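Participant: In order, the protein sequences belong to chains R and C.
The opening residue of the first sequence carries number 152 in this note's numbering; numbering runs sequentially from there.
The opening residue of the second sequence carries number 152 in this note's numbering; numbering runs sequentially from there.
For the record, the hints were derived by calculation from the structure and aren't laboratory data.
These numbers come from a predicted model, not from an experiment.
Copies of the same chain look alike in the list, so a pair counts if it fits in one copy or across any two.
Straight-line Cα separation of at most 20 Å, SDA-like style, residue types lysine to any residue; simulated pairs:
1. K322 / A312
2. K322 / A189
3. K322 / S181
4. K322 / A310
5. K322 / A238
6. K322 / L182
7. K213 / R264
8. K213 / G496
9. K213 / A503
10. K322 / D188
11. K322 / V198
12. K322 / R180
13. K322 / V193
14. K322 / E311
15. K476 / R488
16. K322 / V199
17. K322 / E195
18. K322 / D202
19. K322 / P380
20. K476 / E384
21. K322 / Q196
There are 2 protein chains.
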Amino acid sequence: MTTDTGQDAVGLARRTGADLLHRVEDRLRSLLAVERDAWAAVHEQAVVPVDALSELIASGGKRIRPAFCITGYLAAGGDPAEPGIVAAGAALEMLHLSALVHDDVLDDSSSRRGVPTVHTQAMALHESSGWQGEPRRYGEGVAILVGDLALVYSEELMAEAPRRVLPEWNKLRSEVMIGQYMDVHAAAEFSVDPRSSRLIARIKSGRYTIHRPLVVGAKRGRGRGDLAPALEEYGEAVGEAFQLRDDLLDASATPAETGKPTGLDFTQHKMTLLLGWAMQRDEHIHTLVTEPGHTPDEVRRRLLDTGVPADVERHIAGLVERGCKAIADAPVDQVWRGELAAMAGRVAYRTA
Amino acid sequence: MTTDTGQDAVGLARRTGADLLHRVEDRLRSLLAVERDAWAAVHEQAVVPVDALSELIASGGKRIRPAFCITGYLAAGGDPAEPGIVAAGAALEMLHLSALVHDDVLDDSSSRRGVPTVHTQAMALHESSGWQGEPRRYGEGVAILVGDLALVYSEELMAEAPRRVLPEWNKLRSEVMIGQYMDVHAAAEFSVDPRSSRLIARIKSGRYTIHRPLVVGAKRGRGRGDLAPALEEYGEAVGEAFQLRDDLLDASATPAETGKPTGLDFTQHKMTLLLGWAMQRDEHIHTLVTEPGHTPDEVRRRLLDTGVPADVERHIAGLVERGCKAIADAPVDQVWRGELAAMAGRVAYRTA
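Chain R extracted, bound-state conformation (with noise of 0.2 Å):
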C-alpha cells in the first residue's frame, strides 16, 4: 500500500530526475552555443557543423541514455546539487547524436526526428548549388565530420566525470562500434544466425542504451559499483524489450509516427531479433528470407500476418517482469526501484 508520503518521496524523485534532465538540455545547447561564437569569429563557414548538431538536438528525441544515466546516479545516492552528472548525461547524449548521424550514412536514411538527415541536406545543397565533385561524397563526407564532432564534444564533456566512471565508458563506446560494424556485417553477408542478432542487440542496444548508461550514473554517483550486477541483469532484459520494440516499429509503424523511415531494416537485410525470432517460428518465413527471388516487403507483410507480433508482445512482457524482478532485490531505495520498473515499461512499450 502506498502511503502519502511514499507518493511524496516518488513524486520528489521524479522532480529531481526531470530537473537534471532539463540542465543536461541547457548543457548541451550551451556546449553548442559557445562552440559556434567561438568558430563564429574564425570563418562564416566553420559554423556548418556546429549548427548541424544543434539541429539535431532542437529536433527532439527521447534522451534515454541521459534519463537511465540520472536515474542510476540518484537512485546510488548522488547529490543532484552536484554538476558532474548533467555533463555525463550530455556527453551520452551528444555521443548518441554522433551514432545517429554516422548510422543515417550507414543505412542511408532519409530522415531523422521528422527532418532529412544530415547526409541529405549537405547533397540537397551540394546538387541545387551545382558544386564540384560528387554531390553523394560530399553529403557523406560532411556528415562524417559532424559525426566526428559530436564523439569529440561528447569527449569533452565526460572528461569532466571522475576517472571511476572510465573503465565502462570506454566499454560502451568501444561496444557501440564494434556492435555497428558486427550488425553493417550480418546484413552485408546476410547470414541466418539468431545467436549472432542476439549478440548484437545486447552489444548495440541493451549495453549501449540502458545497461552501461545506467552503470555510469550509479559510479558517477557514490562509487556504488556494488549495483552493476542488478544494473547489468536489468539493462539486458529492458534491452532487450528496447530493441524488439524498435524492430516492430521498423516493421510496422509509419514516417509520421517515428520521424524516420520504416521498414529499412528489411530492405537493408537486417538479420534483427525479430526477424531471427520470426524465422525460428515460421517456416514460411525462413523460406521467404534464405530463397532468391522475394521482395523485402513480402518479408515483412509475411511477418505481420503471423503470430509472431503477438508472440514478441508476450516475449517483451516477460522481459519487463524479468527486469523489473532484477532490480526488485537490489540494495537501492524503494522509490528508485519503483522509478526503474515505470522506465521498464515506458522504453519497452514507447510508441517512436
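Add chain C to chain R, keeping to what the hints say.
Facilitator: Positioned in the frame of chain R, the structure of chain C alone reads:
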C-alpha cells in the same frame, strides 16, 4: 662551438626521445592486442575493426605528432620515466589514424602507406564475396566505424593525462574536424580564396600536426604553459612549411614515393596553399583554374613547369628560419632548441 659535453647532451636527448617514441609504438600495439583478445572472446567478426587499425599501424607512418609531443614534453623538463607522456603520444597517433581512415573516404583515396585504404579493402571484400547491398556503402560504412573506434581509443589513451592538457586537446580535436569540413566545403564550392586556404592549412596542419602536440607535451611536462607562445609561433611557421611540402609532394611525387595516390588535390579540386600561391603568381594558372574546360592535370603540369616550385622552396626555407627564430629565445635548454630546429628541417624537407 659544440663541446664534447654539448654533443653528449644532444646524443642523450635524441636517445631519450627515440626511446619514448618506441614506447609509444609499444603502447599503440599493446592497446590493440588487449582489445583484440577481449573481442575475440565475444565473436570472431568483432576483431575485424581492431585488426584494421593494427594493420594501419604496422604499415608505417612518420609518427610526427607523437614526436612533437614528446619533444615539447622533454623540452619543458618532463620526466622521461613517467608513463603518461607515452599515452599522450599514442593518443595523438591514434587520433591521426582516425582522421586518415575518414579522410580517405572523404577523398575516395585508394591507398595509404602503400596498402589499400580501409574502405577500399572492405569494398573489395564485399564485391568478391557477392554480399547483399552496395559494395561502396559497405566499404565506406566499415571505414566510418573503424575511424570512430580509433577516435574512441585515442580518448581512452588521453584520459590518462592530467586535466591541464585537456583544453589544448579539446581544441586540437574540434579544429581538425572543422578544418576538414572547411576544406571539403571549399573544394566543393571551389572558391578561389587564398586567405581561406591559408586559414584551413593553419588549422588543419600547423596546429594539428605541430603547434598543439608540442603544447600538449609541454603542459603534460611540468605545466610549462609559459612556453606556449614560442611553440605557437614555431608551430605556425613550421606547420605552413609542412603543408606546402605536402602540396608539392602531391603535385610532383609518385605514389611509389609517398605510399598514397598523388595528384589527388587537383582531381579533388582542393584549393591548396600551393595552388593559391601559384594562382597569385601566374595569371595563366588562374585562368586554367577558374575558366571551364581545363583538366586538373593541365593545371598541375603548368604549375610544375613554371617558377612556382622554386618560389615555394624559397618560401619554405624562410618558414623554417622563422620557426627556428621563434624558439631561439624561448626559455628552454639549448639542446632542445637544437632538436626543434632539426625537426623543423626534417618536416619541411621530407620526401614522403
